[in-house]
Amino acid sequence: MTSKTPIELLSRPANVSRRGFVGGLSAGILSVATTEAANAESLADVPDRGPGADLGAHSERSRFAKIDRIPESTPGKRNIDPSDAINSKTPHQKLVGNITPTDLHYERSHSGVPDIDPAQHRLLIHGMVRKPLVFSVDDLKRMPSVSRVVFIECTGNGWENWKKADPELTVQNTHGLVSTNEWTGVPLKFLIDLVAKDKGSTWMLAEGGDGAGVDRSIPLTDEIVNEAFVAYGQNGEPLRPAHGFPMRLVMPGFEGNLNIKWLRRLKFGNEPWMTRWETARYTQLLANGKARQFQLRMDTNSVITRPSGMMQIQPGYVRISGLAWSGHGKIAKVEISTDGAKTWTQAQLSQPVLSKAQVRFQMDWVWDGKPTTIVSRSTDEQGNVQPDRKSFIAAMGTNALFHYNAQQTWSIDEAGRVRNVLA
Amino acid sequence: MSSHNKLVLAGIFAAGLLAAPAFAFDFGRPATPDEIKLWDIDVGPDGKGLPDGGGTVAQGKQVFSDYCSACHGENGQGGIKDRLAGGQGTLASSMPVKTVGSFWPYATTLFDYIHRAMPYPTPGSLSIDETYAVTAYILSLNGIVPADGKVDKASLPEIKMPNRDGFVPDPEFDPAKLFHKK
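These protein sequence lines are chains W and B, in that order. The first sequence: position 107 = 107 (this note's numbering), numbered continuously. The second sequence: position 133 = 133 (this note's numbering), numbered continuously.
No lab work stands behind these hints, which were simulated from the structure alone. C-beta: ideal position from N, C-alpha, C; glycine also. Treat the hints with care, as some may be off.
If you only want the chain B side, here are some residues facing chain W, beta carbon under 7 Å, derived [stated by the list, open to error]:
#	residue
1	Ala-31
2	Pro-45
3	Ala-58
4	Tyr-67
5	Leu-91
6	Ala-92
7	Val-97
8	Tyr-106
9	Tyr-113
10	Gly-166
11	Pro-169
12	Asp-170
13	Pro-175
Listed next, with one range per pair, are the computed distances between beta-carbon atoms [what the hints assert, rightly or not]:
#	chain 1	residue 1	chain 2	residue 2	range
14	B	Lys-48	W	Pro-101	31 to 39 Å
15	W	Ala-57	B	Met-95	51 to 59 Å
16	B	Pro-33	W	Glu-168	52 to 60 Å
17	W	Ser-62	B	Ala-70	21 to 29 Å
18	W	Val-225	B	Thr-122	19 to 27 Å
19	B	Gly-143	W	Pro-101	22 to 30 Å
20	B	Arg-29	W	Pro-101	19 to 27 Å
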C-alpha cells in the first residue's frame, strides 16, 4: 500500500467535485458526530478564557466526554444490576488511536474482582522443576522486565452475531471484548530459568487467586516460552484490580482466558490438566456435535468502529475508521468495501503496526446517499485472511460460541442509519 | 588440585555459562513441601492429585440441597446458573444443551472444579468427602453413577463420561502431537 502524508489526507477524494467535497465535508463531520455537534456557530459564541480548576493528584476525563464500558451478563443481557455482570465491554465507537484507555479496557471476570494486598500476595512456581520457588510482587519488580503493547481478547468476543444480528447493536455490543494496552512484567523464560524447569515439562498450569481459581493448561511451545510474561504494569502504572492486580499472565495473541489474572501459581508438567475452562468452557461445539479443544490462538479480525451500529451519517464525505488485530502477528493490510463486499479498497494503517496488537485503519469515503453496506477484512503477515461470514459459518456452524472472527457488516439505509446485519 | 576442588570449579564454570541462574539466588525463596501441598490442588484426568476420601450419592444429595440447588436448581436443572444435568443427545442440534452429562469429558474435572470454585460465595469450604459426595450426586443426576453409588480417588478416574470422545483437538495445539514432532 502507499501511505499518504497528512496533507494528502486532507486533499479532496477522487471523483468528487470541489463544491461537492466542501459541502459534504461539513455535513459529514457533523453527521457522524451528532452527539458532539458544535453549538458555537460564531467564534463570538465560544466561551471566554479564564482560570480553571485546581490541579489534582490525578486527572479526570472531561465531564463533556461521556465514555463508559457496558457491564452485561450473558449475551445481550444489559442494563443489569452490576452484581449480575460477568463482563464489561469497551466503547470502541468512542475511542481513537490504537491503545485502549486503561479504565475502558474490557473486563471478563469469573468470580468478581478480588481485593488483593500486594504485600500478602505470592506466586508459587513448582511441579517439574529443580527449585520450586515463592515470589513476592517486589521480587518480580526487581527482575529484568519487558514492556509490550498487546491486545487481549475474550474468546467470546463477537458472540452476539453467531445465529442472528440484532439491528440495534453498537460496535461496543458486538466487539467490546477486545482491548489493547501496554503491559510490563517479567519474561516467563526468566522465571523458567530461575526454577530450573525440567526439560521434559511441556505444559504449564497457570492459576489465579480469584474465587474461581481460574486455571488453564498452557502448552510450552517455543513461541509461548519466548513471548509470555508475568505482568505487574499496565500502561505505565500498576495493573488495575479488574485486570489482575498485582500480577497476571500475558499471553500475546492467545485467548483472553489464558492470560490468568491475579496469578498465584505456575505448575510445570508434561500433559494438560483438562480443567473446566478447557473442557466444559472455551471449546468450540461444531455442527456435527464434536467440539474443538485447545483452539488457543485468536485469529485475524477487524471491525469498522466509525461509522458503526446506531450511528447516523449524511451524504457526502465520511471518514471510515476501525481496528484490526491478529494473534498470528502483525496486520499486513485491511481492505474496506462500501458496496456490500463487491469491490475492496485498501485502508491506511496508523503506525506503528505492532505484532499481536490492535491497529487503527481508516479510509476516505463519499456516500452518495443510496442504501448500501460497509464491511472490513484484515489480512495478517502470515497470510491469514479474515473470513466472510458465509464461509466462516460453513466451517464452524452456529453453535461454537467462541472465536467469532467473521467480517462485520454494517448496513446503511436511505436515511443514513447504520445498523448491525449479517451478510 | 584435589578432585573435589576440580568438581567445585567445574560447577562454578557451568553455572557461569547459564546467564540467568548466575543471578538467580537473589530472587524469591525456596518453597517448602508443606506449603506447596496447601496450594497444589489441581487434578489431572488420570486422577493424579485426587485426595484420599470418598462420598456417596445419598450424602451428595444433602450437600447439593444445602449449598448448590439455590443456583443450579433442585435436580441440577432450572436454576439461575449453569444447568448440570440432561442435554444428552442435543449437541448436534440447533439448541445444544451443555451439561456435565452431555458435554464434560472427564469426571476428575468435576471434582477439581467444585473443590476449587464452589460453592460460589465460599469457594473451598466443602470438605474433601463432601466434594466427592456432591460429585457423585451430580454424576447420578446424569445417570452416570447409580443412585446407591459412591465415588473416591480410585473410582473417579475410571468413569468414562458420555462425551469423552466428543473432542477434536485444534491441529496447532493437539496434545498428542504437539511435542512429538522432532
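Range hint 52 to 60 Å (beta carbons of Pro-33(B) and Glu-168(W)) holds or violated: holds (58 Å)
Status of the hint placing Asp-170(B) at chain W (closest C-beta pair under 7 Å): holds (4 Å)
Status of the hint placing Gly-166(B) at chain W (closest C-beta pair under 7 Å): Result: holds, 6 Å to nearest chain W Cβ.
Evaluation of the interface hint that places Ala-31(B) against chain W, nearest CB under 7 Å: Since chain W brings a Cβ to about 4 Å from Ala-31(B), closer than 7 Å, the hint holds.
31 to 39 Å as the expected CB spacing between Pro-101(W) and Lys-48(B), which holds or is violated: violated (44 Å)
Interface hint status, Ala-92(B) versus chain W (Cβ within 7 Å): holds (3 Å)
Leu-91(B) as chain W interface residue, shortest Cβ-Cβ below 7 Å: holds (4 Å)
Cβ distance range 19 to 27 Å for Arg-29(B) and Pro-101(W), holds or violated: Hint violated: Cβ distance 38 Å, outside 19 to 27 Å.
Tyr-113(B) as an interface hint toward chain W, with CB separation required under 7 Å: holds (4 Å)
Hint check: 7 Å Cβ-Cβ cutoff, Tyr-106(B) to chain W: Status holds, d = 5 Å.
Hint check for Pro-101(W) and Gly-143(B) - Cβ pair distance inside 22 to 30 Å: Given about 51 Å between the Cβ atoms, the range is violated.
Residue hint Pro-45(B), partner chain W, criterion CB-CB below 7 Å: Holds: closest Cβ of chain W sits about 5 Å from Pro-45(B), inside 7 Å.
Of the numbered hints listed earlier, those contradicted by the structure are 3, 4, 7, 14, 17, 18, 19, 20.
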